[in-house]
Amino acid sequence: MVNMESDKPETKDLESEPLYWLDNPRHVNWLCYGLYVACALLFVLDLFGLYEKHAHFDFENWIGFFGFFGFLVFFFLVLAATQLRRVLTRREDYYDR
Amino acid sequence: MIDSIPPGLLLIVGALLLSVLRGKFQQVMLLVLPVLSGLILWGQAQNATSWENMVGFSFFDLDIILIRIDKLSLVWGTIFHIAVFLCAIFSLHVKDTLQHVAGYIYAGAAIGAVFAGDLLTLFVYWELTAVSSVFLIWASRRDSAFHAGMRYLIIQVGSGVLLLSGVLLRLHTSDLEQPLFFGKLSLQDPGSLLILLSFGIKAAFPLLHNWLQDAYPQATPTGTVFLSAFTTKLAIYALARGFPGTEQLIWLGAAMTVFPIFFAVIENDLRRVLAYSLNNQLGFMVVGIGVGTPLALNGTAAHAFCHILYKSLLYMTMGAVLFRTGTMKGNELGGLYKSMPWTTFFCIIGGASISAFPLFSGFVSKSLIMSATAENHHGMVWLILLFASAGVLEHSGIKIPFVTFFAHDNGLRVKEAPVNMLVAMGVTAALCVLIGIFPGPLYALLPYDVVYEPYTAAHVINQLQLLLFAILAFAVLQQTGLYPSELPKINLDTDWFYRRALPNLVTVCCVQAAPMLKTIDAGFVLFREWLLSLMYALFGPTGLLGRKWSTGGMALWAAILLGVYLVLYYL
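For the protein sequence lines, the chains are P and D, in the order given.
The opening position of the first sequence corresponds to residue 1 in this note's numbering, with each subsequent residue numbered one higher.
The opening position of the second sequence corresponds to residue 1001 in this note's numbering, with each subsequent residue numbered one higher.
If you are wondering where the hints come from, they were derived from the structure by calculation, not from laboratory data.
Ideal Cβ placement from N, Cα and C applies to all residues, glycine included.
Hints are supplied without guarantee of correctness; some may be wrong.
Have a look at the derived ranges for each label pair, beta carbon to beta carbon [unchecked claim]:
#1 D:1294 with P:41: 29 to 39 Å
#2 D:1451 with P:31: 36 to 46 Å
#3 D:1451 with P:41: 23 to 33 Å
#4 D:1197 with P:49: 44 to 54 Å
#5 P:57 with D:1294: 20 to 30 Å
#6 D:1510 with P:57: 53 to 63 Å
#7 D:1096 with P:82: 38 to 48 Å
Input sequences plus hints: build the corresponding full structure.
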């Protein structure tokens, strides 16, 4: 899919390039730790009932409902979609042949 | 005078002017037209004594209403004008006049359709959006774009034909009070059902959806931004106008939010990922229309408004990447944050908005629909929407920015997007954040007076729990290597039926039928030979009827015939 308007991407000498902050795996780990802490805090809010809920459904009052739901459905979605590849995925020139 | 200018017409006429202008003049005109058109619209809205301002005329006993300005149409009219303006900035560098002209006729037609008060006017604009927008796809000038454009055109024009058929059926149904008026339609008469089907095609209902994912990724980098704003949202407006509170739409919309997200996870073409994501967002709006309470319809209007902004923003960032790198394939991109930091930043804002993070526009609009669904006790649908919300986060919030700008560095080093693209992205991103922080003005624009407070503690915390734990799942999947990598492959969708199955079926039928056709053909040849030889025997040089006859013989035969006639007459 070559576009007419595009410039040609240039591949510079990548070795001489300065390292970016995210190039350091340790910094990526810091971001992950930040995420774990945020999730833990949000769970604690639920665990001790530190805010007022006005639930429309009973299951909304289960401790950590939104967190567990988000985690599980995300996991399910990605794994299920990966399985879909077996059925749906074809070569790129499938329709051209 | 100014009150009788149909909204959108200025853009259509202006497009003709654009076709003869070049360079700076064209650029200025591109920016001036939407501003002028928007000012006229708001002038008309202010002048209206009530919120029901209609201008029309009678034509062969048909009541044509060219302008109907009320609160519902004004929401769409406003956001469409903003979208044209942003698209204009984004495509200011484009020298291809065809794209500007097509884009402006298309946008003008979409605006005109929103303010159409009768179904015939709606039909005319409906078809005009189809016929003009296809040029934004063809403007890519690739073979694949040409074919995708053809498929798009057939389906879009087909939707218009269904609409017209529905209108004609309504005109011939005697018990309808105002058959031509575009108000709430019931599902009782067959004409309205056809109209619903027509709207459904344009709104990309499940199984009718695939023109969207097929055609949009084939358009030019700027053309897709135009396309993403108008066609489907016009269909959402038409549904909100014609079929609010139609319960069947609740489940239909719920299905619509779910099935595209599976495709989005495994799709490699990033603009196609966004097309699936667009489809999923339309599902939320359709659920709102199906629920049909003032809160839900407000939600649909607000979501359409915000959606146009953040979806345009996402398409703009992808357009900029395509413009610079020449590819949209996830497996070829990555690490672009190093060379396109601003585009990265704007893409993340777009992703946060569509994922409905608090303080971003998606949060204040989607909440309305979620609350309306919950208040009407549609528990199962509510859970499906919650699932779909996590899905949106997966493909638009994480996959798009991650695969393009981060993931593994593919060594692409390009220039940052052109200034005009950055300005367009910047303004759009600012609007996404501003609406998220100050939803007041947006809520004031909505069609119904409903007091709603999106920022309650429970609301914010629950949404953050949903999103952050979903991101946690992403982190786990990524670290365990379970997250699917981008593959240079395509995935089958319903277009398979008309691109593969149907042509194959025709081929198979032809092959099977060939021997039979041969037999029939041979039969015809034999019959022809026999007929010719018979003719030759009768009329040839030696044939019975071809011979010369003597005058006496002729007279004798005439006398015999007359005699026979006489005998028969007396019998």
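Results of checking the hints against the structure:
1. Between residue 1294 (chain D) and residue 41 (chain P), the C-beta spacing of about 37 Å keeps the proposed range 29 to 39 Å intact.
2. Between residue 1451 (chain D) and residue 31 (chain P) the CB atoms are about 39 Å apart, so this pair conforms to the stated range of 36 to 46 Å.
3. Between residue 1451 (chain D) and residue 41 (chain P) the beta carbon distance is about 31 Å. The supplied range of 23 to 33 Å therefore holds.
4. Between residue 1197 (chain D) and residue 49 (chain P) the C-beta distance comes to about 49 Å, which sits within the given range of 44 to 54 Å.
5. Taking the beta carbon of each, residue 57 (chain P) and residue 1294 (chain D) are about 22 Å apart, inside 20 to 30 Å as hinted.
6. For residue 1510 (chain D) paired with residue 57 (chain P), a C-beta distance near 57 Å keeps the hint of 53 to 63 Å intact.
7. A hinted range of 38 to 48 Å for the beta carbons of residue 1096 (chain D) and residue 82 (chain P) is consistent with their spacing of about 40 Å.
Going down the numbered hints, you'll see the structure goes against none, and every one checks out.
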